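On the provided structure of chain G, position chain F as indicated by the hints.
Number of protein chains: 2
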Amino acid sequence: MSNIREVSQLAGVSTATVSRALRNPELVSKESRRKVMEAVERLNYRPNMLARNFRSERSYSLVILTPSIASPFYSRVIRGVELAAQNRGYSVLLGDTRDSLRREDEYIELVETRLADGIIQFRPSESNSRIARRTNFPIVYACGCADTALPSVRIDNIEAARAVVNYFLSLGHRRIAVICGPPENPHSIDRLAGYRRALQDADIAEDPDLIVHADDYSMQSGVKAGTRIAELHDSPTALFCMNDEIAIGAIQSIKRAGISVPGDMSVAGFDNIDFARHYDPPLTTIDQPSDEIGQMACNMLIDQIEERGVSQNNVILDYDLIVRASTGPAP
Amino acid sequence: MSNIREVSQLAGVSTATVSRALRNPELVSKESRRKVMEAVERLNYRPNMLARNFRSERSYSLVILTPSIASPFYSRVIRGVELAAQNRGYSVLLGDTRDSLRREDEYIELVETRLADGIIQFRPSESNSRIARRTNFPIVYACGCADTALPSVRIDNIEAARAVVNYFLSLGHRRIAVICGPPENPHSIDRLAGYRRALQDADIAEDPDLIVHADDYSMQSGVKAGTRIAELHDSPTALFCMNDEIAIGAIQSIKRAGISVPGDMSVAGFDNIDFARHYDPPLTTIDQPSDEIGQMACNMLIDQIEERGVSQNNVILDYDLIVRASTGPAP
Chain G
1 MSNIREVSQL
11 AGVSTATVSR
21 ALRNPELVSK
31 ESRRKVMEAV
41 ERLNYRPNML
51 ARNFRSERSY
61 SLVILTPSIA
71 SPFYSRVIRG
81 VELAAQNRGY
91 SVLLGDTRDS
101 LRREDEYIEL
111 VETRLADGII
121 QFRPSESNSR
131 IARRTNFPIV
141 YACGCADTAL
151 PSVRIDNIEA
161 ARAVVNYFLS
171 LGHRRIAVIC
181 GPPENPHSID
191 RLAGYRRALQ
201 DADIAEDPDL
211 IVHADDYSMQ
221 SGVKAGTRIA
231 ELHDSPTALF
241 CMNDEIAIGA
251 IQSIKRAGIS
261 VPGDMSVAGF
271 DNIDFARHYD
281 PPLTTIDQPS
291 DEIGQMACNM
301 LIDQIEERGV
311 SQNNVILDYD
321 LIVRASTGPA
331 P
Chain F
332 MSNIREVSQL
342 AGVSTATVSR
352 ALRNPELVSK
362 ESRRKVMEAV
372 ERLNYRPNML
382 ARNFRSERSY
392 SLVILTPSIA
402 SPFYSRVIRG
412 VELAAQNRGY
422 SVLLGDTRDS
432 LRREDEYIEL
442 VETRLADGII
452 QFRPSESNSR
462 IARRTNFPIV
472 YACGCADTAL
482 PSVRIDNIEA
492 ARAVVNYFLS
502 LGHRRIAVIC
512 GPPENPHSID
522 RLAGYRRALQ
532 DADIAEDPDL
542 IVHADDYSMQ
552 SGVKAGTRIA
562 ELHDSPTALF
572 CMNDEIAIGA
582 IQSIKRAGIS
592 VPGDMSVAGF
602 DNIDFARHYD
612 PPLTTIDQPS
622 DEIGQMACNM
632 LIDQIEERGV
642 SQNNVILDYD
652 LIVRASTGPA
662 P
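Each protein sequence line maps, in turn, to chains G and F.
Residues in the first sequence are numbered from 1 upward in steps of one, following the working numbering.
Residues in the second sequence are numbered from 332 upward in steps of one, following the working numbering.
If you are wondering where the hints come from, they were derived from the structure by calculation, not from laboratory data.
As the structure is a computational prediction, the values presented were derived from the model and not from experiment.
Relax, there's no trap hidden among the hints.
Derived pair list, reagent style SDA-like, types lysine to any residue, alpha-carbon separation capped at 20 Å:
(1) G/Lys-224 - F/Asp-611
(2) G/Lys-255 - F/Pro-612
(3) G/Lys-255 - F/Arg-587
(4) F/Lys-586 - G/Arg-324
(5) G/Lys-224 - G/Gly-258
(6) G/Lys-224 - G/Glu-184
(7) F/Lys-555 - G/Pro-282
(8) F/Lys-555 - G/Asp-280
(9) F/Lys-586 - G/Ala-325
(10) G/Lys-255 - F/Lys-586
(11) F/Lys-586 - G/Arg-277
(12) G/Lys-255 - G/Arg-324
(13) F/Lys-555 - G/Pro-281
(14) F/Lys-586 - G/Gly-263
Next up, chain G with everything else stripped away, as it sits in the complex (with noise of 0.2 Å):
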């Protein structure tokens, strides 16, 4: 690649001037300037912009700590942070944790040693030690949960859970189960809330053979859970899966034990992933905005890195129920 001299050389005019027609150009003659272009042109000459982050003492990257990279909610999610970054002269550092603290670790290690300028954190806790210690660590959490003191984008999933267990309700449902994460998981917290706040609210008394507790995310664990719904005596007639990768492997499950999905029992999702829409049955679930969290959360962690003042600190965005095909009334 050809470097600063080389463009000052053939332009006829100095390395200073050079730099100050790439930079501010207004404080260099209109000739110069012509001239400068035409030599940057000619030798392809591109700035060496770690000269500006040295500096500056910016990297202009932010770091997206992902629990996984492969999960099809957090990658549109990401997409999402991915844009407004872009649009504002950042790039995205990918931090794929593989949900392993010391993975987490070395990435919070970029932000310390000035490679990156601030974090997305997908976890939704604030357990880590290392940003906790700190002030003025700039971070965002996407998605995060009502228990956040950090700025945070979100939904309201208490409020989103309640609102697919009153749809069952309404269809005539009584015997709700649920298929929740892992118990210490945050939205795994605050949406089993949801169910609860929406079953006493009808009455009805908690059955604790309804609540099951899948593994992880993942449709795997989803299959082994159904497999625990489709065993019990008292059969439920719905059952609310806290994502659509549980939903879609409790399916599985469900049909293979010779249980119809909607007409023995109805089944909903969370999430809204692009295979909802086009498994057999199309899975009724809750659609979060996800482009639009990862935009205003970048944006705001941005902001926040530019002292531009931190104008809101909890973002609750909304959210909506997509009603289809795996879904009916109690029989």
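Quick look at chain F alone, frame taken from chain G:
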């Protein structure tokens, strides 16, 4: 954040000694080293890596150019890239091009301005003129095609497609349809060549009605193309789809038209995404070693960047035909 001067004051040594203790500890006395490390620990000091990058003219980051990060197949390849990168001290910048050459150019600019050291390209063609007119541009094509001259890691798409069609033939199918990607897509060209070769070897004349092109590789396009297949007068008994999303969409249309899968029509996909085994029916497909493709492409790229010499330019990995319930004997 604390700086190197504060560390040197607390340790009672010069800043040069602090710098040496951190970078070349063998050059520093044991006692000085101990003092420095204690001060680093107490002040929670982290070296400014932007200075390293500026001096070495390297960013220690790689760009992944992907048409869509939301693709379940590519996202698994990305996980592989990211794991290998982290192991070798590199970060991964996400370049979600949304199939736009303009956005792709903006990411290539990152390498030209030194903000990234090289590119892993997922789009399987070399049409980008900015890369083509440069020599020594560190790049590796992951999931490339047969005609790639630049370094690439891939499976043999022609042979894999041929294996699917040969499997259909072994089940007694003779009318075998195919849903391709867009006509100009290199994967589509390779896989169609494999389809044709298998039919030729079996002395089956090609029927143009049985070759359908989808608008892209999405489920939605699969739904549309599947409708065309379902409406054919002389119905095929087997259908090969060039990725799993197209297959899932096509099966949805085919089932809606009252055609049973695999009773009336066997359907196979390509890629073996996580959803394939959880679909109804579970999908017969070609398994690509996505994680291995990603890791190998990443290591080849870093070898180029670090000028270790490129041992292999074009790596071809093995695929597997995974037989599931979406395929069966010809009716």
